[in-house]
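Chemist: So you can see what is in the structure, the chains are spelled out below.
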Amino acid sequence: MNLKFKNKKISGILTILPAHEVSFEQEMGNYNFPPAKSLKLKLAMGYNKHRIVEGNVCASDLCVFGLEYLFNKCFLKKDEIDALILITQSPDYFMPPTSNVIQGRLGLNQDVFCLDINQGCAGFEIGLIESFFLLEQESVNKVVLLNADVMSRKVSKRDRNSFPLIGDGASVTIVEKTDRDLAIYANLKMDGTQSDALIIPAGGFRLPSSPETAVMREDENGNFRSKDNLVMKGDAIFNFVQTEVPPMIARLVEFAGVRMEAIDYFIFHQPNKFMLHKLADKMKVNHEKMPSNIVESFGNASGVTVPTAITFNLGSRLLEKDYKICFAGFGVGLTWSSILMNVGPLGFCEMIDYK
Amino acid sequence: MENKILNILGEIRPEFDFRISSNFIDDGMLDSFDIITLVTELDKAFCISIDGVDIVPENFYNLETIERLLVKSGAQK
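Protein sequence lines, in the order shown, are assigned to chains U and B. When you read off a place in the first sequence, starting at 1, and then add 207, the result is the number in our numbering. When you read off a place in the second sequence, starting at 1, and then add 229, the result is the number in our numbering.
Do not take every clue at face value.
Straight line, CA to CA, 25 Å or less: simulated SDA-like cross-link-like pairs of lysine to any residue [to be verified]:
hint: 1; chain 1: U; residue 1: Lys489; chain 2: B; residue 2: Ile237
hint: 2; chain 1: B; residue 1: Lys233; chain 2: U; residue 2: Met208
hint: 3; chain 1: U; residue 1: Lys489; chain 2: B; residue 2: Pro243
hint: 4; chain 1: U; residue 1: Lys384; chain 2: U; residue 2: Asn446
hint: 5; chain 1: B; residue 1: Lys306; chain 2: U; residue 2: Asp488
hint: 6; chain 1: B; residue 1: Lys273; chain 2: B; residue 2: Phe262
hint: 7; chain 1: U; residue 1: Lys280; chain 2: U; residue 2: Leu313
hint: 8; chain 1: U; residue 1: Lys249; chain 2: B; residue 2: Phe275
hint: 9; chain 1: B; residue 1: Lys273; chain 2: U; residue 2: Ser504
hint: 10; chain 1: U; residue 1: Lys496; chain 2: B; residue 2: Val282
hint: 11; chain 1: U; residue 1: Lys249; chain 2: B; residue 2: Pro243
hint: 12; chain 1: U; residue 1: Lys396; chain 2: U; residue 2: Gly314
hint: 13; chain 1: U; residue 1: Lys256; chain 2: B; residue 2: Ile241
hint: 14; chain 1: U; residue 1: Lys434; chain 2: B; residue 2: Lys273
hint: 15; chain 1: U; residue 1: Lys562; chain 2: U; residue 2: Glu468
hint: 16; chain 1: U; residue 1: Lys528; chain 2: U; residue 2: Asp471
hint: 17; chain 1: U; residue 1: Lys256; chain 2: U; residue 2: Lys280
hint: 18; chain 1: U; residue 1: Lys244; chain 2: B; residue 2: Lys306
hint: 19; chain 1: U; residue 1: Lys440; chain 2: U; residue 2: Phe240
hint: 20; chain 1: U; residue 1: Lys247; chain 2: B; residue 2: Glu231
hint: 21; chain 1: U; residue 1: Lys247; chain 2: B; residue 2: Lys233
hint: 22; chain 1: U; residue 1: Lys211; chain 2: U; residue 2: Lys280
Calculated from the structure, these hints are not laboratory results. Bear in mind that the values here come from a model prediction, so they are computed numbers and not experimental data.
Go ahead and model the full structure; you've got the sequences and the hints to work with.
Modeler: Shown next as structure tokens:
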């Protein structure tokens, strides 16, 4: 599906990452593989260190921390917020919606439209598209888009497929109306026939958690996990990304009537460095235009990787001027989505630690 | 080309003799993570970038399929 929006903009981005940092070497002993082999993989995949929450820190804790920071810095006022969209796969509860919990904890106006969306690696793009839809309403002028996940709590520490790359974090993106008449182009596709490629099998109503679902079992590759843990068919996901993402970007630039060379940055979801380099090579994009340093620096926090890549790599430069940026996210669902838009100058674009 | 490939394979899994197998995957000599390391090393050694859609097990069954993949990816024999 192709989508086009006008008179909308991002006006600020904040990333909130747990201060707790763990290195690949510290955890290598948890995996059922020879250290030499794990170290070779570390180089190829870009594993290095990741930020993960401690104890029972939840998605709402990271979001509230970030929003209070913005209120205290006067980057955002409570009474300006018309909608609060939270994209997460790790809600505080099945019910109520975590966005309502956040609204309550912050004492926001009852007119604020709170909405939870269950999405993962394409969560930043899906959240932006939802924000643009809401901003079509006369009564909605400012949307607070929250991306937050604490998936480390659902990944087995003995799963070398997933644990080294997982990260936790949150981001706050302010999306609002603007008089500037620049078009925003977007597209998205979904394929539910492959919904088991990235899944937490137990814990929902289909298979409630029980002592049986908590039993750790070894898979054919020597990883240990239970049905309560996230499981990823790595080969299928890799193949899906390499097959679907380059044509998606080709369709987007054709729809927008823009040449690839005219795009300043390709800020893509970051599952691992290897996958991104392969995408960049296929699309003939210079690696410097497609940053791939988030997994090695912070871990992959699903929909938070794109805003983290923006704040970490572009940061204060986006306070000065605007750049034409192509965003792309791909993963659970399966879902893949991309957006081409001008971003900047922003009111704020920074990262803070959650302590 | 074959010797270069054998050297790289030997670095990744020194415990195996890759000359005597016709299917590295079925014989348990390469797993999916080995393939990622192998692709990274082959890209460097032959100054190419193997297309992501070609990173599938059947292209890494044996020396012949790897050689064919390298030629397809632009490596000089």
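Chemist: So, for every hint listed, does it hold in this structure?
Modeler: These are the hints, each one checked on the structure:
no., hint, verdict
1, U:Lys489 x B:Ile237, "holds, 24 Å"
2, B:Lys233 x U:Met208, "violated, 46 Å"
3, U:Lys489 x B:Pro243, "violated, 31 Å"
4, U:Lys384 x U:Asn446, "violated, 38 Å"
5, B:Lys306 x U:Asp488, "holds, 22 Å"
6, B:Lys273 x B:Phe262, "holds, 17 Å"
7, U:Lys280 x U:Leu313, "holds, 15 Å"
8, U:Lys249 x B:Phe275, "holds, 22 Å"
9, B:Lys273 x U:Ser504, "holds, 24 Å"
10, U:Lys496 x B:Val282, "holds, 22 Å"
11, U:Lys249 x B:Pro243, "holds, 18 Å"
12, U:Lys396 x U:Gly314, "violated, 36 Å"
13, U:Lys256 x B:Ile241, "holds, 23 Å"
14, U:Lys434 x B:Lys273, "violated, 39 Å"
15, U:Lys562 x U:Glu468, "violated, 41 Å"
16, U:Lys528 x U:Asp471, "holds, 12 Å"
17, U:Lys256 x U:Lys280, "violated, 30 Å"
18, U:Lys244 x B:Lys306, "violated, 29 Å"
19, U:Lys440 x U:Phe240, "holds, 19 Å"
20, U:Lys247 x B:Glu231, "holds, 22 Å"
21, U:Lys247 x B:Lys233, "holds, 19 Å"
22, U:Lys211 x U:Lys280, "violated, 33 Å"
Violated hints, in rising order: 2, 3, 4, 12, 14, 15, 17, 18, 22; the structure is consistent with all others.
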